[in-house]
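Undergrad: Here is what each chain is made of, one letter per residue.
Number of protein chains: 2
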Amino acid sequence: MDIIEYLKTNAELIDSALNECLPPEDEYPDIIHKAMRYSVFNGGKRIRPILSLAACETVGGKKEDALMAACAIELIHAYSLVHDDLPAIDNDDFRRGRPSCHKKYGEAMAILAGDALLTHAFYLISKGKNPEQNNRILEDVSYAISTFGMIGGQVADILNENKQPDAPVLQYIHTHKTGALICASVKIGCILGRGTEKELDTLTKYGELIGLAFQIKDDILEIEGEKGKMRNSDEEKSKLTYLSVYGLKESKYQASQLIHKAIHILDEFWGSNTPLYQIAKFIGNREY
Amino acid sequence: MDIIEYLKTNAELIDSALNECLPPEDEYPDIIHKAMRYSVFNGGKRIRPILSLAACETVGGKKEDALMAACAIELIHAYSLVHDDLPAIDNDDFRRGRPSCHKKYGEAMAILAGDALLTHAFYLISKGKNPEQNNRILEDVSYAISTFGMIGGQVADILNENKQPDAPVLQYIHTHKTGALICASVKIGCILGRGTEKELDTLTKYGELIGLAFQIKDDILEIEGEKGKMRNSDEEKSKLTYLSVYGLKESKYQASQLIHKAIHILDEFWGSNTPLYQIAKFIGNREY
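Protein chains in written order, with this note's numbering: chain A, 1 to 288; chain B, 1 to 288.
It should be emphasised that the hints constitute simulated quantities derived from the structure, not laboratory data.
One or more hints might be untrue.
Put simply, identical chains are the same to the list, so a pair is met inside one copy or across any two.
[Claimed, not checked] Keeping only pairs whose Cα atoms sit at most 27 angstroms apart, straight-line, the calculated BS3-like set for lysine-lysine is:
#  : residue 1 : residue 2
1  : Lys205    : Lys252
2  : Lys103    : Lys237
3  : Lys239    : Lys127
4  : Lys239    : Lys104
5  : Lys261    : Lys249
6  : Lys163    : Lys104
7  : Lys163    : Lys34
8  : Lys237    : Lys34
9  : Lys34     : Lys239
10 : Lys103    : Lys239
11 : Lys129    : Lys198
12 : Lys103    : Lys281
13 : Lys45     : Lys103
14 : Lys103    : Lys205
15 : Lys252    : Lys129
16 : Lys104    : Lys237
17 : Lys198    : Lys249
18 : Lys205    : Lys8
19 : Lys237    : Lys281
Just so it is clear, the structure is predicted and the values come from calculations on it, not from any experiment.
Model the full structure from these sequences, guided by the hints.
TA: Take a look at the structure:
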């Protein structure tokens, strides 16, 4: 399969669905709807919602059944970026080469746009076809982004700025701040595709592995890559990163080991010519 | 019935349930859990969750069945206050006579504590006994606090600071910013008590009336009452209030008319010696 084509086609599908499910820009009070759309349509790769669709198909489901929940995941990702960029948190003026939400719409609107994206994500979850499945998705997603998941990781990240490198803390930050939502993306796809408990276990393990690998790659690309963010913004703020704890070479090795494990798990079940296998490889090789 | 005793007993029930359902203060990362609890346990009257319990009982349900969702409503209320108080929004240093969350824990933690309270509210909704009911609650609550509800009201409130008094805009702000969540509190109680569609219609109307009356009373108490907030903070910021549009006398008259309508609706169905009837009267008479 051609993974680049697969990612492109499905990103377009997600974009189209996001466009459908977000409030129109001219709906009163229009500034908040503009700020929400500005934060969502930012050239993102849609890797998280694509993981949901791919997981759904992997276990024999139709990807349309996972589309709303996949959009919810992307809105949650967008909310987390809008709030992370705020002056009181990471104080990032740019995101993917454009002014961040608070630079464009002001701080009050950015706080509320983040709140609104999170709220709308949960509204979308309620709109799935099957209420029992929706409830399970609600439980998994809300836990994954709670203080025991994504928010917990973000808090630990802030608390450990300008601190000595510490491997267990770093592991906590990365698995929670980034890994939890990526893993949840995979899990909800499996649930909505009506995967078995065994399949869910396998894909959860896969999700954990690629979630951590994704963030290590992010740390590497902060140094080596050409990202839209200002260069080395994490390093400027003395954030705890894989590079600060392990150095570049060991970080690359660890990322490749995680990807290797993830594709090994998939290979046993579904072979290598499958989207999730190829997405894992893509995460390992990504350069942006 | 003794409404003061009723409110006290049920506020204690809610407080005890909130204490059970919030993450322990010493759980890592503890600062966020401390900030969440600080923002929830602030001497609030718990009027919203009590409305949920009372509505549930009014239609013949057991209030225990509405307890988790009622706690979710209170967490949402707490999240909205934490974010409203932020420097970029209302910039309130005090809340009920204590430092507001960002003054106590810093701005980054206040943003994240608000996010975490909202997220935890949705997690609690998933924990109700009946997944189908949970899904309906999810849909109603997430809509009520969306940009078409509470957030929309907050946005309009900000956009209309220092603007000329305007009755339709004021009506929009009050029914959305405060009214939507109060109305949702009543509705979810009715749903969880397995009320009929007719009962739901009636209680929705009741909820809309007391929701607006509650906010008008709030505007009046900003001037007349002894609140923990600094005096006239809305007036200092030139917020649009009922008093700025209608003056004190007319505001009081309108509030009493709304309460009158609300209790009239209830009287027809359930008589006057009932919690919801007495709560409406209490809102009309409250002085703090």
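Undergrad: For each hint, tell me whether it holds in the structure or not.
TA: Hint by hint, here is what the structure shows:
Taking the closest pair of Cα atoms, Lys205 and Lys252 come within 27 angstroms of each other only inside a single copy of the chain (20 angstroms); across copies the shortest separation is 61 angstroms, beyond that limit. Both within a single protomer and between protomers do Lys103 and Lys237 lie at most 27 angstroms apart by alpha-carbon distance, with minima of 19 angstroms and 23 angstroms respectively. Taking identical chains as interchangeable, the C-alpha atoms of Lys239 and Lys127 are never at most 27 angstroms apart, the minima being 38 angstroms within one chain and 36 angstroms between chains. With identical chains, the CA atoms of Lys239 and Lys104 are at most 27 angstroms apart both within one copy (25 angstroms) and between copies (24 angstroms).
In the homo-oligomer, the alpha carbons of Lys261 and Lys249 lie at most 27 angstroms apart inside one protomer (19 angstroms), although the nearest pairing across protomers, at 72 angstroms, exceeds that limit. Taking the shortest alpha-carbon separations for Lys163 and Lys104, only the inter-copy value of 22 angstroms comes in at or below 27 angstroms, while the best intra-copy value is 32 angstroms. Taking the closest pair of Cα atoms, Lys163 and Lys34 come within 27 angstroms of each other only across two copies (22 angstroms); inside a single copy the shortest separation is 38 angstroms, beyond that limit. Taking the shortest alpha-carbon separations for Lys237 and Lys34, only the inter-copy value of 25 angstroms comes in at or below 27 angstroms, while the best intra-copy value is 30 angstroms.
Proximity of Lys34 to Lys239 under the C-alpha cut-off of 27 angstroms is restricted to the inter-copy arrangement: shortest distance 23 angstroms between copies versus 31 angstroms within a copy. In this assembly of identical chains, Lys103 and Lys239 lie within 27 angstroms of each other by CA distance both inside one copy and across copies; the values are 22 angstroms within and 24 angstroms between. In the homo-oligomer, the alpha carbons of Lys129 and Lys198 lie at most 27 angstroms apart both inside one protomer (24 angstroms) and across protomers (26 angstroms), since each shortest distance falls under that limit. Taking CA atoms no more than 27 angstroms apart as the test, Lys103 paired with Lys281 passes in neither setting, with 35 angstroms inside one copy and 46 angstroms between copies.
Taking the closest pair of Cα atoms, Lys45 and Lys103 come within 27 angstroms of each other only inside a single copy of the chain (22 angstroms); across copies the shortest separation is 38 angstroms, beyond that limit. Taking CA atoms no more than 27 angstroms apart as the test, Lys103 paired with Lys205 passes in neither setting, with 38 angstroms inside one copy and 41 angstroms between copies. Taking the shortest Cα distances, Lys252 and Lys129 never come within 27 angstroms of each other, neither inside one copy (42 angstroms) nor across copies (46 angstroms). For a Cα distance limit of 27 angstroms, the shortest separation of Lys104 from Lys237 qualifies both inside one copy, at 23 angstroms, and across copies, at 23 angstroms.
Taking the shortest Cα distances, Lys198 and Lys249 never come within 27 angstroms of each other, neither inside one copy (35 angstroms) nor across copies (67 angstroms). When the C-alpha separation of Lys205 and Lys8 is checked against a cutoff of 27 angstroms, the pair qualifies only within one copy, where the shortest distance is 26 angstroms, while the shortest distance between copies is 48 angstroms. For a Cα distance limit of 27 angstroms, the shortest separation of Lys237 from Lys281 qualifies neither inside one copy, at 30 angstroms, nor across copies, at 55 angstroms.
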